[in-house]
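Sequences and hints are given; from them, build the entire structure.
There are 2 protein chains.
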Amino acid sequence: MTVTLNAKRTLTASSGGRLNLDNINPHVKAAKYAVRGELAVKAEEYRVKLAQGDKSLPFDSVIFANIGNPQQLDQKPISFFRQVLSLLENPSLLEKPEALRTSFGYQQDVIDRAKTLLADVQSVGAYSHSQGAPIIRDSVAKFIEERDGFPANPQDLYLTGGASSGVSTLLNVICDGPSAGVLVPIPQYPLYTATLSLLNAQCVPYHLEEHRAWGTDVNAIRENLAQAKAAGTDVRAIVVINPGNPTGASLSAEDIKGVLDLAAEEKLVVIADEVYQTNVFTGEFISFKKRLRQLQQEVPGKYDNVELASLHSVSKGMVGECGHRGGYFELVGFDPEVAAQVYKYVSIMLCPPVIGQCLVELMVNPPKEGEPSRAVYEKEYNGIRDGLRKRAFALYEAFQRMEGVECQEPQGAMYLFPTITLPPKAVEAAKAENRAADEFYCLRLLDATGVCVVPGSGFGQKENTLHFRTTFLAPGTDWVERIVKFHSEFMAKYK
Amino acid sequence: MTVTLNAKRTLTASSGGRLNLDNINPHVKAAKYAVRGELAVKAEEYRVKLAQGDKSLPFDSVIFANIGNPQQLDQKPISFFRQVLSLLENPSLLEKPEALRTSFGYQQDVIDRAKTLLADVQSVGAYSHSQGAPIIRDSVAKFIEERDGFPANPQDLYLTGGASSGVSTLLNVICDGPSAGVLVPIPQYPLYTATLSLLNAQCVPYHLEEHRAWGTDVNAIRENLAQAKAAGTDVRAIVVINPGNPTGASLSAEDIKGVLDLAAEEKLVVIADEVYQTNVFTGEFISFKKRLRQLQQEVPGKYDNVELASLHSVSKGMVGECGHRGGYFELVGFDPEVAAQVYKYVSIMLCPPVIGQCLVELMVNPPKEGEPSRAVYEKEYNGIRDGLRKRAFALYEAFQRMEGVECQEPQGAMYLFPTITLPPKAVEAAKAENRAADEFYCLRLLDATGVCVVPGSGFGQKENTLHFRTTFLAPGTDWVERIVKFHSEFMAKYK
Chain V
123 MTVTLNAKRT LTASSGGRLN LDNINPHVKA AKYAVRGELA VKAEEYRVKL AQGDKSLPFD
183 SVIFANIGNP QQLDQKPISF FRQVLSLLEN PSLLEKPEAL RTSFGYQQDV IDRAKTLLAD
243 VQSVGAYSHS QGAPIIRDSV AKFIEERDGF PANPQDLYLT GGASSGVSTL LNVICDGPSA
303 GVLVPIPQYP LYTATLSLLN AQCVPYHLEE HRAWGTDVNA IRENLAQAKA AGTDVRAIVV
363 INPGNPTGAS LSAEDIKGVL DLAAEEKLVV IADEVYQTNV FTGEFISFKK RLRQLQQEVP
423 GKYDNVELAS LHSVSKGMVG ECGHRGGYFE LVGFDPEVAA QVYKYVSIML CPPVIGQCLV
483 ELMVNPPKEG EPSRAVYEKE YNGIRDGLRK RAFALYEAFQ RMEGVECQEP QGAMYLFPTI
543 TLPPKAVEAA KAENRAADEF YCLRLLDATG VCVVPGSGFG QKENTLHFRT TFLAPGTDWV
603 ERIVKFHSEF MAKYK
Chain F
123 MTVTLNAKRT LTASSGGRLN LDNINPHVKA AKYAVRGELA VKAEEYRVKL AQGDKSLPFD
183 SVIFANIGNP QQLDQKPISF FRQVLSLLEN PSLLEKPEAL RTSFGYQQDV IDRAKTLLAD
243 VQSVGAYSHS QGAPIIRDSV AKFIEERDGF PANPQDLYLT GGASSGVSTL LNVICDGPSA
303 GVLVPIPQYP LYTATLSLLN AQCVPYHLEE HRAWGTDVNA IRENLAQAKA AGTDVRAIVV
363 INPGNPTGAS LSAEDIKGVL DLAAEEKLVV IADEVYQTNV FTGEFISFKK RLRQLQQEVP
423 GKYDNVELAS LHSVSKGMVG ECGHRGGYFE LVGFDPEVAA QVYKYVSIML CPPVIGQCLV
483 ELMVNPPKEG EPSRAVYEKE YNGIRDGLRK RAFALYEAFQ RMEGVECQEP QGAMYLFPTI
543 TLPPKAVEAA KAENRAADEF YCLRLLDATG VCVVPGSGFG QKENTLHFRT TFLAPGTDWV
603 ERIVKFHSEF MAKYK
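Residue numbers (the numbering used here), protein chains in the order written: chain V, 123 to 617; chain F, 123 to 617.
In this list, chains with the same sequence are indistinguishable; a pair is considered to hold if it fits within one copy or across any two.
Here are the computed lysine to aspartate or glutamate pairs in the EDC-like style, where the Cα-Cα straight-line distance is at most 20 Å:
id	residue 1	residue 2
1	K171	D242
2	K171	D260
3	K237	D196
4	K151	D356
5	K151	E459
None of these hints come from the bench; they were simulated from the model.
All of these numbers come straight from a predicted model, not from anything done at the bench.
Here it is, written out as structure tokens:
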């Protein structure tokens with residue numbers, strides 16, 4: 123016993139304390155999350171410098187185009203939502219409805235909604251049911267029914283702290299160890315690879331088709347699946363992000379059917395990340411749930427065993443309330459015993475933030491036609507939608523003007539993900555700094571212009587291709603021109 | 123390839139879909155969380171029945187004494203907090219300060235605080251820094267400095283979604299696999315054992331000393347540690363809950379020193395769960411950080427390598443805002459490279475709820491002496507504190523009257539954890555139902571009275587002892603008398 127103790131002491135003595143980079147959880151160490159990585163940290167340092175009056179930088183503002191954070195930039199919250207939330211936070215305001223109306227323009231539907239929600243949750247400071255407050259799950263179920271034309275059951279709904287925690291819950295339940303694998307689109311939102319790293323499970327990548335507006339190619343997925351199986355991976359689920367992040371792609375009914383066919387044949391749980399469902403410029407959003415129910419009607423039997431988990435969030439769309447950390451997922455076709463384990467898992471963290479849950483309710487149940495807050499709601503909602511579309515196309519057109527840059531036409535989400543072709547000298551210069559070429563490019567862009575974007579390597583990309591992801595949330599076009607000017611100088615320098 | 127495929131198909135065919143109880147993550151399946159388990163579910167069913175007008179039950183209300191959820195019961199939120207939060211949710215209210223004052227009694231310090239917070243976070247709907255908004259971490263650092271008399275660095279602070287998510291983060295980073303172990307007090311809050319189950323790490327239990335008001339016995343801990351090491355467990359950390367949950371104990375300076383001595387000698391990370399730090403009836407709360415800094419001054423060198431993570435929360439104390447999911451932890455003495463990994467880990471979930479972060483700021487920086495909201499704040503705060511103390515002692519006195527029940531005098535937290543000695547016939551009756559005797563007792567109590575408490579087995583207890591945990595949050599004394607009456611009938615029945 124003493125020997126063991128001494129041996130251990132010696133081994134760790136040099137590190138001072140107990141923990142060091144070599145003995146913490148290796149899966150935490152292995153996880154990568156570029157959205158808030160080196161570039162984001164540097165951008166924040168620049169922002170602080172500028173705020174402190176530093177004049178040494180070659181730009182006067184930092185543009186955080188690295189993260190879909192609408193209200194950090196130009197987007198104003200929807201008034202109806204925030205009016206209701208203010209009453210939920212301070213219910214004593216409800217004692218003077220007349221003052222609320224005359225001084226602050228609160229309409230009766232705002233007051234009514236706050237009362238209805240409070241009657242169920244009691245206080246937004248109290249824990250709710252771990253799956254979320256019953257009244258809120260009822261509203262979400264109605265929303266899904268109206269959206270899809272097929273019923274939804276509140277018992278199958280789990281409110282979450284943003285979609286991220288929902289994804290984490292699902293992957294935690296699904297993955298049973300190092301041989302478990304999940305098909306993940308490439309490029310992808312790095313939450314998926316990071317969470318699989320944490321779980322020590324396998325990411326089985328499948329490439330999206332850039333030339334087909336980043337659509338899915340089911341044959342390519344089948345190939346990747348077969349390879350993974352041959353290598354001993356027990357592939358259990360497939361992630362689809364629709365509309366796409368970082369690609370902005372909006373999937374067709376046919377593409378969705380392809381994935382569901384595969385899921386039915388290969389018994390894969392489908393994780394449909396649908397947080398950008400209202401950010402669609404081209405065509406219409408089709409939910410996986412709707413498509414699944416349609417197919418179940420059209421081909422009786424074939425799709426009966428498909429398990430689908432679909433996620434939504436208050437963070438994106440015209441709501442843009444990511445700081446509130448609200449969201450939900452719906453389980454379709456899950457074994458009730460597995461669902462009970464999902465419940466137990468989420469109950470360990472007690473419940474998602476209750477005010478965020480209430481915001482989910484407001485998102486899925488906004489003022490209706492004829493209700494007093496409807497006109498302002500519509501005006502604000504449409505204004506945000508139109509602004510996003512305008513900026514998406516302004517950015518897209520700027521990319522058309524840039525040498526060696528190719529970009530798919532905007533379809534949805536909040537992002538563009540252009541390909542960049544860099545001169546060999548730039549690639550060499552990157553190598554000399556021990557950096558990926560796209561990372562090198564993005565760092566130079568930040569240093570020169572204050573515009574922060576994320577290199578494609580943070581999301582995954584086909585070998586020998588380079589990309590970056592930018593949001594189109596920042597106001598104005600000045601920053602777009604900064605990118606254009608930088609790019610042309612960069613290309614000239616490394617020609 | 124085809125052979126493998128077919129073999130797999132056959133294996134899972136009987137289960138319908140892909141996932142079933144036997145192939146999901148076994149660590150999720152193994153995790154136990156009694157606070158929201160069978161009893162809580164049954165209590166909720168009774169509540170719904172009563173709300174629907176059911177008259178068949180032998181009680182007219184359900185008392186949720188199973189969970190520290192103050193605002194579900196009697197506790198009103200602090201007005202200052204909620205006034206500020208209402209302005210953060212709807213900043214357009216700030217445009218009419220006069221109306222806020224005259225109609226709603228908002229004082230100038232409420233308005234000023236909302237403006238200060240908004241200037242930093244921009245919008246509570248925007249993501250913040252993953253560690254939490256800078257201004258809020260500054261306030262927390264000042265709070266810790268004033269509380270302890272030793273400096274705190276905002277860079278060492280991580281805001282969290284309640285303390286639970288902080289605990290999860292810390293254990294995820296610390297535990298590196300099945301041989302990693304963490305010392306956990308028994309009885310304990312089951313978050314610890316559940317999270318260790320999820321991580322497939324070892325819970326190394328150490329028993330608290332019931333006869334010494336649930337204090338810690340360092341010699342007993344050393345023994346458990348030695349046994350665990352001998353069995354091959356790499357014990358990396360020790361959890362201390364102070365004031366205790368479920369025990370309500372408040373640790374002495376000497377007990378805290380004992381734990382820190384052990385941590386220094388054995389290189390154990392100390393996880394100090396201090397969420398009940400303001401719920402102290404007897405003596406004063408001493409933080410682990412303060413004690414550590416004192417010892418570092420008193421005995422230079424010995425404690426230099428101690429790593430401490432201490433947690434706090436808005437959920438408990440006189441704040442009681444658990445539905446808002448706010449909290450923080452402070453890292454002391456951690457290797458900066460490890461801290462960087464903690465940052466990366468929390469950044470994957472982007473940021474804790476921003477409104478919950480703001481509530482943390484309000485908790486640690488309430489209205490000061492002489493400020494306009496101070497008088498009301500003090501009255502409300504003291505009212506809640508006195509009410510808790512009164513109820514704690516009422517419950518304690520009721521337990522004194524009950525045959526076979528022994529309870530330590532209330533010291534802190536929100537709980538009492540009495541020992542119950544049940545007649546052999548009751549133990550047999552429990553066995554016949556395949557239940558632990560304390561679980562059997564608590565189920566009968568719920569069925570007969572509507573009072574929901576948690577059996578001691580949910581927290582861990584010494585072999586051959588039985589307990590239950592009850593909060594003392596529910597208003598009135600009627601429900602306490604329901605327990606007394608039930609207990610005497612139960613004892614008579616199984617005599």
